[in-house]
Every structure is written in structure tokens, then in C-alpha cells.
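The sequence shown begins at 1 in UniProt numbering and counts up by one.
I should point out that these hints are in silico values taken from the structure, not numbers from a laboratory. All values reported here derive from a predicted model rather than from experimental measurement. Among these hints, one or two may not hold up.
[As the list claims (entries may be wrong)] Calculated lysine-lysine pairs in the DSSO-like style (CA-CA distance at most 30 Å, straight line):
(1) 262 with 176
(2) 176 with 235
(3) 176 with 58
[Said to hold, decoys possible] Restraint ranges, calculated between C-beta atoms of paired labels, are given here:
(4) 93 with 267: 32 to 38 Å
(5) 143 with 81: 28 to 34 Å
(6) 53 with 83: 36 to 42 Å
(7) 61 with 169: 26 to 32 Å
(8) 110 with 170: 44 to 50 Å
Note that the Cβ used here is the ideal one computed from N, Cα and C, for glycine as well.
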Amino acid sequence: MSPHMLIIMVFTLGLGTLITLSSSHWLIAWMGLELNTFAILPLMAQQHSPRAMEATIKYFIIQTTAATMLLFASVSNAWLSGQWEIQQMSHPTPLALITVALALKLGLAPVHAWFPEVLQGLNLSTGLILSTWQKLAPFSLLLQIIPTNSSLLITLGLISILTGGWGGLNQTQLRKILGYSSIAHLGWMVLILQYAPSLTLLALTTYIMLTSSMFLTFLYNQTTNINSLAISWTKTPMLTALTPLILLSLGGLPPLTGFLPKWTILQELTKQELAPVATVAALSALLSLYFYLRLSYAVALTTPPNNLPATLPWRIIFKQPTTFVAVLITLSLSLLPLSPSVMAFFTF
């Protein structure tokens with residue numbers, strides 16, 4: 001892809017998200033989502049490999065289906081109530097349909113099966129965009145409508161946490177593991193959405209920060225599976241030493257940053273007298289923690305075969321600046337002591 005086309009696609013991608021974020025009318029929001037979808041398709045297909053083309057077609061079909069459902073639900077709401085405003089969703093049927101459509105766009109369980117498969121077919125940089133930036137527009141709509149059907153959101157959240165943990169247990173490809181990790185994190189966000197939207201925003205910000213750190217670490221290490229991760233210490237020793245800590249932060253272990261959103265969400269669920277839901281969510285998080293520990297073990301505690309014909313890759317000379325990933329890793333590991341300031345920032 002030429003640099004000019006790349007700039008146009010990235011600009012259109014950002015424009016589509018900003019249109020959806022700033023819109024109060026369903027048709028304008030739908031137009032922003034469509035711009036967002038069509039802008040990322042050339043970025044996904046730029047490898048010209050069968051796997052990338054398959055992932056692009058799957059993504060296009062899923063996003064088109066979700067956009068059609070969303071448009072149908074918004075037209076139905078306008079027909080039933082005479083309102084096109086996003087925050088004036090009064091009828092329960094269009095509201096539930098829009099919630100399911102946005103869940104399909106985000107990749108929430110049980111409509112999640114497309115997300116790990118699509119992510120596996122992309123390179124790491126495009127996968128980073130799909131896992132982070134593409135979540136902003138649908139989540140902005142969810143935060144504006146906040147469905148009143150509490151059982152629907154709780155069911156989607158718990159199923160997503162369980163599916164994200166269970167699906168990643170037997171994976172060896174890092175992109176699929178990050179895909180199931182994304183599903184589990186989205187479940188935590190949706191679980192608390194109707195009770196404390198500020199905590200959803202906190203969890204989304206933390207998720208984007210941790211996932212970006214992980215994707216950039218794998219990108220700099222040039223690793224896409226567990227076997228190549230085990231020999232990354234010869235290429236980037238310092239980055240490999242920090243990788244287990246980032247993984248444990250993704251798992252939500254204290255005293256790392258990833259513990260903060262899980263801690264506050266469980267605390268809020270307990271205040272809302274939803275202790276059984278909080279218990280199931282906390283126990284389901286152990287499934288995700290297992291495969292994070294498995295990756296940490298592969299990085300830090302295994303030694304690759306050391307026979308004479310084998311040659312290990314040696315140090316990588318970075319051609320791109322590493323300041324951004326250094327800042328992200330620092331934030332991913334050390335924000336928990338600043339939790340009072342962070343909570344004050346996200347409370348509204």
C-alpha cells in the first residue's frame with residue numbers, strides 16, 4: 001500500500017470514530033460506524049495472503065450484519081416513538097436489538113466467534129487497531145444508551161468472561177490468545193456498565209493501555225506463537241524481562257495496573273447486592289490468569305533446545321522509536337499506587 005493511501009485510510013478510520021463519538025442522531029452514528037468499517041478493510045487486506053483475505057471478508061460480513069441490525073433497530077425506534085436521538089431509546093425491543101448489534105460489533109460472547117479468527121489472519125499492527133481503536137465507537141453508543149435490561153447485560157458480561165477464559169486455554173497462537181483476552185476484558189466492562197459507567201470507562205482505558213503494550217511487545221519481538229516467544233530473550237532481553245509483568249497485569253494481579261479495574265468493579269457489584277455475580281466473575285478470571293501464567297512461564301522459565309546446528313536469533317536493532325512502548329509499559333505496570341488520583345479522574 002502506498003504511503004498516500006495509508007494516510008487516507010488512517011485519517012478516514014479516525015474520522016469515522018470521531019463522527020460516531022460526537023453524534024446524537026442514529027443515522028449520523030451509523031454513518032460513522034460504516035466509515036470506520038470500510039476504512040480498516042484495505043489495512044486488513046494489504047498483505048495479499050489467503051488468510052488475510054479470509055479475515056477481511058469475515059470481518060466485512062460480520063460488521064455489515066451488525067450495522068444492518070443497528071439501522072433496523074433505530075428505524076423501528078423512530079417508528080414506534082418518533083425519536084431519532086440516541087439517548088431517547090424508550091422502547092425495549094429496539095433497545096435490546098441495538099445492544100445485541102453492538103455486542104456483535106465488539107465481539108462479545110455469545111456472538112464472539114469471528115473475533116479470534118479474524119485477529120489470527122492479520123498482522124500485529126492491524127490487529128492492534130482492531131483490538132483497541134475499533135472498540136471506541138460501539139462503546140460510545142453503549143455508554144449513551146445504557147440498556148435498562150439488566151439481565152441482558154449481566155448475561156453478556158458473564159458469558160464473555162467465561163468464554164474469554166475458557167477459549168484461550170488451549171491456544172498456541174499469540175493473536176488468538178489476545179483475542180480471547182479481549183473478549184474477557186469486554187465482559188468486565190459490560191458487566192458494570194449500567195451501575196457505574198465511569199468504571200466501564202476506566203476498564204476500557206486500562207484495557208487499551210495493556211493490550212497496546214502487549215501487541216507492541218510482540219511486534220518488537222517479532223513473535224506470533226509461544227515457541228517463538230520462548231527464544232525472544234536473545235533478541236530483546238529488556239523487553240522480554242518486562243513481558244511476564246505485562247501479562248500478569250493483563251491477568252489482574254496486584255500490585256500491577258490491571259488489578260485496579262477488576263478490584264473496583266467487584267467492589268461496585270458487591271455494593272449493588274450482586275455478590276453471586278461478582279463471585280462468578282472473579283472465579284472466571286482465574287481461567288484467563290492461567291493462560292497468562294502459561295505465557296509468562298514460556299517467556300521467563302523455559303530454555304530453547306541448545307543443539308549445535310541450531311542458531312538463535314541475535315539482538316534486533318530497532319529502526320522505529322521505542323519511547324511510546326516504554327511509556328505504555330510504565331503505565332501498564334505502575335498505576336495502582338496512584339489509584340485514588342485515577343479514580344478521581346474517572347468519577348463523574
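Each hint, compared with the structure:
Between residue 262 and residue 176, the direct Cα distance comes to roughly 22 Å. Compliance with the 30 Å bound is thereby established for this hinted pair. With a C-alpha separation of about 23 Å, the suggested pairing of residue 176 with residue 235 holds against the 30 Å cut-off. Our distance criterion of 30 Å between C-alpha atoms is met by residue 176 and residue 58, whose separation comes to about 15 Å. Remark: the range hint 32 to 38 Å for residue 93 to residue 267 is upheld by a beta-carbon distance near 34 Å.
Take residue 143 and residue 81: their Cβ atoms lie about 21 Å apart, and the range 28 to 34 Å is violated. Between residue 53 and residue 83 the beta carbon distance is about 41 Å. The supplied range of 36 to 42 Å therefore holds. The hinted range of 26 to 32 Å is satisfied by residue 61 and residue 169, whose Cβ atoms lie roughly 28 Å apart. The given range of 44 to 50 Å is broken by residue 110 and residue 170, whose C-beta atoms sit roughly 19 Å from each other.
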